[in-house]
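A.B. asks: One-letter residues, chain by chain:
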Amino acid sequence: DRYNIHSQVEHLQSKYVGTGHADTTKYEWMNNQHRDTYASFIGHHDLLSYFALVDNESRERIRFVMLQKMLQPCGPPPEKLETE
Amino acid sequence: MYLYSLTLQKSSCITCAVHGNFSGTKQQEIIAAKGKVLELLRPDANSGKVHSITTLEVFGEIRCLAPFRLTGGSKDYVVIGSDSGRITILEYIPSKNTFEKIHQETFGKSGCRRIVPGQYLAVDPKGRAVMIGAMEKQKLVYILNRDTSARLTISSPLEAHKSHTVVFSVVGIDVGFENPVFACLEVDYEEADNDPTGEAALTTRQMLTYYELDLGLNHVVRKFTETLQDFSNMLIPVPGGNDGPSGILVCSENFITYKNFGDQPDIRMPIPRRRYDLSDPDRGILFVCYAGHKTKSLFFFFIQNEQGDIFKLTLTVEDDMVSSIKLKYFDTIPVASSMIVLKTGFLFASSEFGNHHLYQIAHLGDNDEETEFSSTMLLDEGETFYYSLRPLKNLVEVDEVDSLCPITGCQVADLANEDTPQLYVSCGRGPNSTLRILRHGLEVTEMAVSELPGNPNGVWTVKTSASAEYDAYIVVSFVNATLVLSIGESVEEVSDSGFLGTTPTLHCCQIGDDALLQVYANGIRHVRADKRVNEWKAPGKKIISKCAVNNRQVAIALTGGELVYFEMDLSGQLNEYTERREFSSEVICMSIGSVPVGEKRCRFLAVGLADHTVRMISLDPSDCLQPMSMQALPTVPESLCIVAMGSGDSSESEQGVLSTYYLNIGLQNGVLLRSVLDSVTGDMSDTRTRYLGSRPVRLFKVKIQNSEAVLAISSRSWLGYMFQSVSRLTPLSYDALDYASGFSSDQCPEGVVSIAGDTLRILALEKLGAVFNQMTINLKLTPRRFAIDQQNSNLVVVGSDHLCFTDSTKSERKQQMAKEIIESAGDEEAELAKEVAESFMNEVLPATEFGEPKAGNGQWASCIQLLAPDQSLELDQDEAALSVAICRFAYKPDETFVVVGVAKELNLNPSSSSGGLMNTYRMANGQLELVHKTVVEEVPRAMAAFQGRLLVGTGRILRVYDLGRKKLLRKCENKNFPYRIVTISSMGSRVIVGDVQESVHFVKYRAKENRLVVFADDVSPRYVTATCFLDYDTIAVGDKFGSIAILRLSDDINDEIEEDPTGAKAFWDRGLLNGASQKANLEASFYIGETVMSLQKTTIIPGGSESLIYTTLSGSIGVLLPFTSREEVDFFQHLEMHLRSENAPICGRDHLAYRSYYFPAKNVIDGDMCEQFNALDGSKRRTLAMELDRTPPEISKKLEDMRTRYAF
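Heads up: the protein sequence lines correspond to chains A and B, in order. Its first residue numbered 1, the first sequence is counted upward by one per residue in our numbering. Its first residue numbered 85, the second sequence is counted upward by one per residue in our numbering.
Certain hints may be false.
As the list claims (entries may be wrong) - If we take Cβ atoms under 8 Å as the criterion, some of the chain B residues that face chain A in the derived model are:
| # | residue |
| --- | --- |
| 1 | Asp314 |
| 2 | Ser421 |
| 3 | Arg513 |
| 4 | Asn516 |
To be verified - Straight-line alpha carbon distances no greater than 30 Å define the calculated DSSO-like cross-link-like pairs of lysine-lysine that follow:
| # | chain 1 | residue 1 | chain 2 | residue 2 |
| --- | --- | --- | --- | --- |
| 5 | A | Lys15 | B | Lys94 |
| 6 | B | Lys246 | A | Lys26 |
| 7 | B | Lys94 | B | Lys246 |
| 8 | B | Lys380 | A | Lys69 |
| 9 | A | Lys15 | B | Lys307 |
| 10 | A | Lys69 | B | Lys988 |
| 11 | B | Lys988 | A | Lys80 |
| 12 | A | Lys26 | B | Lys1017 |
| 13 | B | Lys547 | B | Lys477 |
| 14 | B | Lys427 | A | Lys69 |
| 15 | B | Lys193 | A | Lys15 |
| 16 | B | Lys380 | A | Lys15 |
In short, the hints are calculated from the structure, not lab data. We treat Cβ as the ideally placed atom computed from N, Cα and C, and that holds for glycine.
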């Protein structure tokens, strides 16, 4: 039954942030991609070290900057188009 | 193709370290997370050394650690936050020297995901609850408790989620025994996501949220949220309850704030800055780590900023209210990832890059002239406090733990012309960068060297009594005399020792409780404590040829193969056994084991005979001198040594925990055999063979870490010992020795006294467990690439640093600043200002200690360093040297050129530059002289010599250059690479080009048409960091995320190229999957877990086979070894499979899933996993071995063989 599947998908979407759906906009998708990427960079210590080394900053600074970028990684969202 | 992956040296980068009483004793210990490795360190307060007690590979990413202790308990547990989607609680079991999993609860998917907890951990200081948080949204709280039998229990998780929230930091607040409270730094992005004007993002503030766990209602509530003034990165909990005012310190950029609930007003103070700092004044200051210390009467924090300066932070409390924060500059040490203050007065700082340090806290900085800054001091808006730098004053460095992290490159070569190649590793960052030359071996510290009159043929150390702690005499035997030296303040000759000095000595030692024994050719001399001498004379014309002695037993061999045995009775008298034993051939060597604790004798005597056999003789009174077993040898034995090894831990061997007897047999052809002796039958089994060197192997018993070890001397000296319950055989990085003996004195409790030629040397072996012996050469800047010139045995390193001033800019800025000091001063202060300016100009702060001043974005300093002779060239400000190649151009074949790729005004994010340069230098007489500079449109990031020309990758263009008079001349190019070329390696006319995102491209250079043709590429996106050819069709690729892949061109691709000599087809036939027309096949793939920085196919031991050696950013060095037979693959595959289920990784990550992190693991067997077989307990080992139809020793032997065939 379709309704059940629908609710399952909705459940997934609420549980796992970033799960896409038919109406995901490019902006939303990009935002999720970026936030996931930053999370992965911070989670894998070697990647964090890699950036710290290249940037010649402390690891903590790189972590801090990345977390701040997670607020709005791809700039402000586009104006919402009026739906017909 | 099947490969076997082995780590030679584990990662040395400590990402997180915590302390506690993990053994349950009074001793404080440190648990350090090194990426995928968990290590227990024990700082020794007496010697001031940090000892590694156990290391464990967890096959998962350890992201955070937190220790906790249940109320009233005396033992700490540790919680691990990892990428396994599980929370794991471990306990350290001292008797087994391992970590054991107490609890493991699954809560989410695996991987370092945004919303799966594992990134943050916070425990309630009373050990009642733990919060595990994700970077976004999810936070779970587990309640910890005890059950009726005092075992730790863990509740089901309580959720404290909040969507659209990014978490910066989580801590547990000390609230005494009230409901546990956790504080989180959060940012809500929901508004920013829905505001097209972008205003919301700018006005979004960080929030400090308190979560309270209501123990009565069993749920978590958001207790309170407050908006913070500026973004903060770290929270520090302040002791509460009876110990302090509770609350938290919020560290933000440039400010630190104290906060608490209730009436407590916020106390905010700016972070002090360095006085006259050359750094960019717009840069903020962050605190990066802290260490807290509390006693019954006081508490304080050490907090470290990004520049490495430590402050001591104290709070003044009036009527349970904090009235001010006080900060005092303490000292400057390298920027740490974790700091730990130990109760014994030490500070352990694990550097984020470079070696870790242990400091003794000599002063707490209470009574000195250093100004103390207080939040009560009034400052204008935007003003801050200033302090002056100085060398260490309060801290005294006592120990350094070597760390290679970060490795930026590695090449294996034999520049020193030794028989074994060396590893040249560039590591470190900024002013602490080094080039380290690694050789396999144990570092030897020379304590003393003294000349002797003539060439001795033996050396021993003798105690005066069995209970003495240190040795009293060194006895040296010459061809016609024996010299006795006493060990004291100095080493002097003595004559009252009771030893016979007029004859050469075969052996001497302490025997019984307080007697001495000397064996010489004509007899045995037994010197009692009261200097009475009992002599036993060799019968007739026979002389004593060999002997074996321990504390109670003496066995001698007379010429002709006759064996005589003596044993000491209770009165201390040596009695000859009634019978003797004749052998059919001459006795060449013999050895007797030491007497086990609590027994009267050792039951085994090993005798090596000239007929190529070793026989075990029983010394048991019931069957004395009866043969027990025999082993045939390939050649004549040279030396024997029975050692008891087993428990590596000293505390255990005192308790007499069973240790195993090993019989070591040194052969005349330089091979060492090691067999296990059956403790009942004396049967020799599980024989391991190792080639040590070209000379006959002599064996000596020494003491290492309070347990017996064997020193084997051939053309190289080796030490066989147990370390962390693993037996090791490691060469000593030292000259060849002739004789040796254990040595113990006040200054050197576990050393070796040895003879080399006509010198007596006392050696200490300190860095036990280290795989490599390092030689360090300091570099000025972070090494980016280096190139080796095999012909001249030279090496060029290019280093560059972002946010960095060149020396000349620095001195300009310094002058500028001095001028400002003078100008800003008023008339009356002019004199003083001048003085200040002058002292400022003269002040030299070594960058290795205080770091380089940080420049603004896009500013670079670079230098080119030549190793021998030491020469360094500095480039102009904002030129970044990123690549180097040593090239002999066909046009001038006898001259060597060094080409350096330079980026001008490079900006990293967003990436931009104003072009690149290629500086060409001529290397003449060991000097670099600039020939010319060639301008290129993009940054040359990769270059390689190629058929007497130079291949350069600039941006997406691959070009061939040749040497011209005024610049390098373009010969040929291909512009079709996807993003940016980062690596180039070539073999024949084939080139593999690594792209920063799009894996590798196979390029063929067609000399006739002068064209570079991409004829094949890879289907997977790989962020390439290193490539190397394995053969003409096979390559290895390492990437940024830590995977290594082996790619191979199938046979038909080869054929096509041979059939199509024009290459035109491949050139025009583009379009398959947006790339080249042909694709390489994936042969093998494996996840290493750390960013791969170099790959090389080479042999690393003399006589070994070729393997693929890799290094990673975290400082680990490993090899991938090819399997040679199908049976071996099958065996190891099964072993790995069984271990995966029987010995699942301790932090809960699935092993196969971990090794398939980014690409599915293929055809690679994890040797590190397989070697954990040796660490399993006996019964598990046996069942596992049974399933494989083998015995445990067979499996261990196979594991060892696999390792020693290629590596060490």
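A.B. asks: Could you run down the list of hints and mark each one as holding or not?
C.D. replies: Each hint tested on the structure:
A cut of 8 Å between beta carbons decides the hint on aspartate 314 of chain B: the least distance to chain A is about 11 Å, and the hint is violated. A least Cβ separation of about 7 Å between serine 421 of chain B and chain A falls short of the 8 Å threshold, and the interface hint therefore holds. Satisfaction of the interface hint for arginine 513 of chain B is found here, the shortest Cβ-Cβ separation to chain A being roughly 6 Å, below the 8 Å cut-off. At about 12 Å, the closest approach between the beta carbon of asparagine 516 of chain B and any beta carbon in chain A exceeds 8 Å, and the interface hint on this residue is violated.
Between the alpha carbons of lysine 15 of chain A and lysine 94 of chain B the distance comes to roughly 38 Å, so the proposed pair goes past 30 Å and is violated. Proposed proximity of lysine 246 of chain B and lysine 26 of chain A is supported: the alpha carbons are some 25 Å apart, at most 30 Å. This hinted pair does not check out: lysine 94 of chain B and lysine 246 of chain B have alpha carbons roughly 38 Å apart, beyond 30 Å. With a C-alpha separation of about 42 Å, the suggested pair lysine 380 of chain B and lysine 69 of chain A falls outside the 30 Å cut-off, and the hint is violated.
Of the pairs offered as hints, the one joining lysine 15 of chain A and lysine 307 of chain B holds, with about 23 Å between alpha carbons and a cut-off of 30 Å not exceeded. Restraint check: the Cα-Cα separation between lysine 69 of chain A and lysine 988 of chain B comes to about 27 Å, which is no more than 30 Å; the hinted pair holds. Only pairs whose Cα atoms come within 30 Å are accepted, and lysine 988 of chain B paired with lysine 80 of chain A is rejected, the gap being roughly 42 Å. With a CA separation close to 45 Å, the supplied pair lysine 26 of chain A and lysine 1017 of chain B exceeds the 30 Å bound.
Under the criterion of a C-alpha separation no larger than 30 Å, the hint pairing lysine 547 of chain B with lysine 477 of chain B is inconsistent with the structure, at around 42 Å. With a C-alpha separation of about 40 Å, the suggested pairing of lysine 427 of chain B with lysine 69 of chain A is violated against the 30 Å cut-off. Restraint check for lysine 193 of chain B and lysine 15 of chain A: satisfied, since their Cα atoms lie roughly 12 Å apart, inside the 30 Å limit. The hinted pair formed by lysine 380 of chain B and lysine 15 of chain A fails the criterion: a straight-line CA distance of about 46 Å is larger than 30 Å.
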